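Chains D and G supply the protein sequences, listed in that same order.
0 is the number of the first residue of the first sequence in numbering that gives the first Met the number 0; add one for each residue after it.
0 is the number of the first residue of the second sequence in numbering that gives the first Met the number 0; add one for each residue after it.
Each hint should be verified, as a subset may be incorrect.
[Claimed, not checked] Per label pair, the in silico range of CB-to-CB distance:
| id | chain 1 | residue 1 | chain 2 | residue 2 | range |
| --- | --- | --- | --- | --- | --- |
| 1 | D | Ser207 | G | Asp198 | 25 to 31 Å |
| 2 | D | Gly385 | G | Asn67 | 36 to 42 Å |
| 3 | D | Gln383 | G | Asp146 | 54 to 60 Å |
[As the list claims (entries may be wrong)] Straight-line Cα separation of at most 25 Å, SDA-like style, residue types lysine to any residue; simulated pairs:
| id | chain 1 | residue 1 | chain 2 | residue 2 |
| --- | --- | --- | --- | --- |
| 4 | G | Lys239 | D | Gln230 |
| 5 | G | Lys249 | G | Arg397 |
| 6 | D | Lys239 | G | Glu235 |
FYI, nobody ran anything at the bench for these hints, they're computed from the structure.
Keep in mind that this is a model prediction, so the values were computed, not measured.
Just so you know, even glycine gets a beta-carbon here, dropped at the ideal spot from N, CA and C.
2 protein chains.
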Amino acid sequence: MAAEKWVYMVTAQTPTNIAVIKYWGKRDEVRILPVNDSISVTLDPDHLCTVTTVAVSPSFDRDRMWLNGKEISLSGSRYQNCLREIRGRAGDVEDKEKGVKIDKKDWEKLHLHIASHNNFPTAAGLASSAAGFACLVFSLAKLMNVDEDASHLSAIARQGSGSACRSLFGGFVKWEMGSKDDGSDSIAVQLADEKHWNDLVIIIAVVSSRQKETSSTSGMRESVETSLLLQHRAKEVVPKRTLQMEEAIKNKDFASFTQLSCADSNQFHAVCLDTSPPIFYMNDTSHRIISLVEKWNRSEGTPQVAYTFDAGPNAVLIARNRKVAVQLLQGLLYYFPPKSDTDMKSYVVGDNSILKEAGLDGANSVENLQPPPEIKDNIGSQDQKGEVSYFICTKPGRGPVVLPDQTQALLDPETGLPK
Amino acid sequence: MAAEKWVYMVTAQTPTNIAVIKYWGKRDEVRILPVNDSISVTLDPDHLCTVTTVAVSPSFDRDRMWLNGKEISLSGSRYQNCLREIRGRAGDVEDKEKGVKIDKKDWEKLHLHIASHNNFPTAAGLASSAAGFACLVFSLAKLMNVDEDASHLSAIARQGSGSACRSLFGGFVKWEMGSKDDGSDSIAVQLADEKHWNDLVIIIAVVSSRQKETSSTSGMRESVETSLLLQHRAKEVVPKRTLQMEEAIKNKDFASFTQLSCADSNQFHAVCLDTSPPIFYMNDTSHRIISLVEKWNRSEGTPQVAYTFDAGPNAVLIARNRKVAVQLLQGLLYYFPPKSDTDMKSYVVGDNSILKEAGLDGANSVENLQPPPEIKDNIGSQDQKGEVSYFICTKPGRGPVVLPDQTQALLDPETGLPK
Numbered sequence: 000m001a002a003e004k005w006v007y008m009v010t011a012q013t014p015t016n017i018a019v020i021k022y023w024g025k026r027d028e029v030r031i032l033p034v035n036d037s038i039s040v041t042l043d044p045d046h047l048c049t050v051t052t053v054a055v056s057p058s059f060d061r062d063r064m065w066l067n068g069k070e071i072s073l074s075g076s077r078y079q080n081c082l083r084e085i086r087g088r089a090g091d092v093e094d095k096e097k098g099v100k101i102d103k104k105d106w107e108k109l110h111l112h113i114a115s116h117n118n119f120p121t122a123a124g125l126a127s128s129a130a131g132f133a134c135l136v137f138s139l140a141k142l143m144n145v146d147e148d149a150s151h152l153s154a155i156a157r158q159g160s161g162s163a164c165r166s167l168f169g170g171f172v173k174w175e176m177g178s179k180d181d182g183s184d185s186i187a188v189q190l191a192d193e194k195h196w197n198d199l200v201i202i203i204a205v206v207s208s209r210q211k212e213t214s215s216t217s218g219m220r221e222s223v224e225t226s227l228l229l230q231h232r233a234k235e236v237v238p239k240r241t242l243q244m245e246e247a248i249k250n251k252d253f254a255s256f257t258q259l260s261c262a263d264s265n266q267f268h269a270v271c272l273d274t275s276p277p278i279f280y281m282n283d284t285s286h287r288i289i290s291l292v293e294k295w296n297r298s299e300g301t302p303q304v305a306y307t308f309d310a311g312p313n314a315v316l317i318a319r320n321r322k323v324a325v326q327l328l329q330g331l332l333y334y335f336p337p338k339s340d341t342d343m344k345s346y347v348v349g350d351n352s353i354l355k356e357a358g359l360d361g362a363n364s365v366e367n368l369q370p371p372p373e374i375k376d377n378i379g380s381q382d383q384k385g386e387v388s389y390f391i392c393t394k395p396g397r398g399p400v401v402l403p404d405q406t407q408a409l410l411d412p413e414t415g416l417p418k
Numbered sequence: 000m001a002a003e004k005w006v007y008m009v010t011a012q013t014p015t016n017i018a019v020i021k022y023w024g025k026r027d028e029v030r031i032l033p034v035n036d037s038i039s040v041t042l043d044p045d046h047l048c049t050v051t052t053v054a055v056s057p058s059f060d061r062d063r064m065w066l067n068g069k070e071i072s073l074s075g076s077r078y079q080n081c082l083r084e085i086r087g088r089a090g091d092v093e094d095k096e097k098g099v100k101i102d103k104k105d106w107e108k109l110h111l112h113i114a115s116h117n118n119f120p121t122a123a124g125l126a127s128s129a130a131g132f133a134c135l136v137f138s139l140a141k142l143m144n145v146d147e148d149a150s151h152l153s154a155i156a157r158q159g160s161g162s163a164c165r166s167l168f169g170g171f172v173k174w175e176m177g178s179k180d181d182g183s184d185s186i187a188v189q190l191a192d193e194k195h196w197n198d199l200v201i202i203i204a205v206v207s208s209r210q211k212e213t214s215s216t217s218g219m220r221e222s223v224e225t226s227l228l229l230q231h232r233a234k235e236v237v238p239k240r241t242l243q244m245e246e247a248i249k250n251k252d253f254a255s256f257t258q259l260s261c262a263d264s265n266q267f268h269a270v271c272l273d274t275s276p277p278i279f280y281m282n283d284t285s286h287r288i289i290s291l292v293e294k295w296n297r298s299e300g301t302p303q304v305a306y307t308f309d310a311g312p313n314a315v316l317i318a319r320n321r322k323v324a325v326q327l328l329q330g331l332l333y334y335f336p337p338k339s340d341t342d343m344k345s346y347v348v349g350d351n352s353i354l355k356e357a358g359l360d361g362a363n364s365v366e367n368l369q370p371p372p373e374i375k376d377n378i379g380s381q382d383q384k385g386e387v388s389y390f391i392c393t394k395p396g397r398g399p400v401v402l403p404d405q406t407q408a409l410l411d412p413e414t415g416l417p418k
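Make a model of the complete structure from these sequences and hints.
Okay, structure coming up:
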């Protein structure tokens, strides 16, 4: 390797994911090893994703990272673990056109620039760290020509953020807790790709919150230390539920999928409540959305919509098909209309072609919505404007990809600094 | 027994109680037998009680009952079970002055008039059925000269409403779940009387709610049928916790009392959340009150206030002594001030002499309250007026008593009809 002034870089896009069988509790805090298996749905990266550009150059004097345009420290152990693991697996790289030649052993001396960007608000509590660490590991693996499959990469991403391991695949993904002390068998595997069950439509209600939330890292530590229900859940409940969920996904059995998703989300929040001091992630708006969905499902006789809530008040609603999703959106907008000065296209984002299907693309169309017929008593007798910040319409999506188009890179190809 | 026109009656007062180790789940729906032991504190009947007058007369042609002035049906099995059990144990009664002589065997033919009144709003979710059934059974036992101790009467009251059995005693009471199929050993026993730990001060926040609540009867049935955590709680968690709570009460160990009360309240609500569909009794206001108490307890190093929530959003806060209660009330009123047109004496009821001690008996005194120093981040940055309907200040109290003063009777001594 000569001391040329080249900058060699790779840009990748990685999806976020939402667990339908929840991860809550580590058996090893350092290696990030969970107390139970978990299962997730990967969300369409067109609507929710992280894009990361990683660059290497002999001219870089230290590792640096920019997250959403702002430089952040890489000194934390989570970043350091991912960087060390990836560097340890780096291969030879040659790009004759650019005059780049990196020998496997050079990676220990070369420095990296990393720029990462989420196409959704980080603060919205939408698992930005999952997509972020998955994208970091995936893009570095491509840059460094790491010869490992996605499951092996998932075990590295896991050391950045547990749920990140599930973002290495599209579709439906299982994180196997593993049994080895070194965590080498605590990896993600794909259960089915995103085409397997492509009727599903996902609507996320980003719920306004005035409560400062407990981080999931400290929350799950406190649950492990104090909840008398967590170990019972991990050992007795989740193993059976995981098998049932795998079957439900395999058979596209929406009734079972819904029953298991809702029960597991509620049980995860039950364990949070059983923690001392108790952790409340859902708020009254979350509860109202659950009531709305439960009533609708009961009135239809067969489940139409599944719900699941992560470590925050946002509702992730999975509709069995597009028609149901349209009705669901109408119901949601009836109960949670936008504030009067809000443009519908900024109140329903992601795949907002659904607005037209729901007849909600015109002016005053929300005011004309009728209450869903199944709701006899008032879930929302009072004005609930402002309880939901916005909705995202999306669907199950693909896993990580390299973005070959240089214009999508977040670093300047000459300087290696953020554009 | 001649067909004279006498009316013979007894008036009694019975307290309500709040569980600190919760009853949630029946193993026998008919006999009302619980899945675990529970422990409660009896609340001072001066502030929260039921008064019941029971009358018998040869002139009555059927059993009748009036609750809070309104005639209600006695045909429900809960009333019928209590009436049958008490009648089966009736003794001879003679009141020479009134010319009353009732032979044991006559009770099967004589009819009863019953009038009952709560000195607190029934709708407030303050265990009115517990005090009500306890008072019904206690007053009938006195009327009919039933020769049974309070524990045996508790087993009858239990068949009206499970938690009613704990209202047969003052102070600290344990409901032993028992093991017999017929429920004869599922009785309440007194752990300590109300004088044992008389430093404690209890402040109840009656929280406004816009949600229709699930009744505890149907809620616990759904939990037994669907929660995968309930049996684990009943079999593995509560037995140990009950022993620890008995010790804490015996030793007046406020730190343990608080830890156990709060953990058990939270776990009961966790089981409700683990029910399908999930049951939410606490709301955002309940959560805010918990955060406030938890922060204060942590900042003091040693617990000052315990909290517990029954099947509703109301907070029952137990302060270690009067001084702490005064500070607690100041903090609560800072975060949850009354609406501007509310008189303080109607916003803090029960023992409202505490208002003067808190310097809150004058005009504008609430506006002058300072935020509690330990609260650094905002629990209540927004206007929370109206979130709490009112507060009740009370303390542990005595068990049932007969009220000999005829002016307190709810039935007319001549007609046997409501006054």
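Going through the hints against the structure:
no.: 1; hint: D/Ser207 / G/Asp198: 25 to 31 Å; verdict: violated, 42 Å
no.: 2; hint: D/Gly385 / G/Asn67: 36 to 42 Å; verdict: holds, 39 Å
no.: 3; hint: D/Gln383 / G/Asp146: 54 to 60 Å; verdict: holds, 59 Å
no.: 4; hint: G/Lys239 / D/Gln230; verdict: holds, 17 Å
no.: 5; hint: G/Lys249 / G/Arg397; verdict: holds, 17 Å
no.: 6; hint: D/Lys239 / G/Glu235; verdict: holds, 21 Å
In summary, the one numbered hint that this structure violates is 1.
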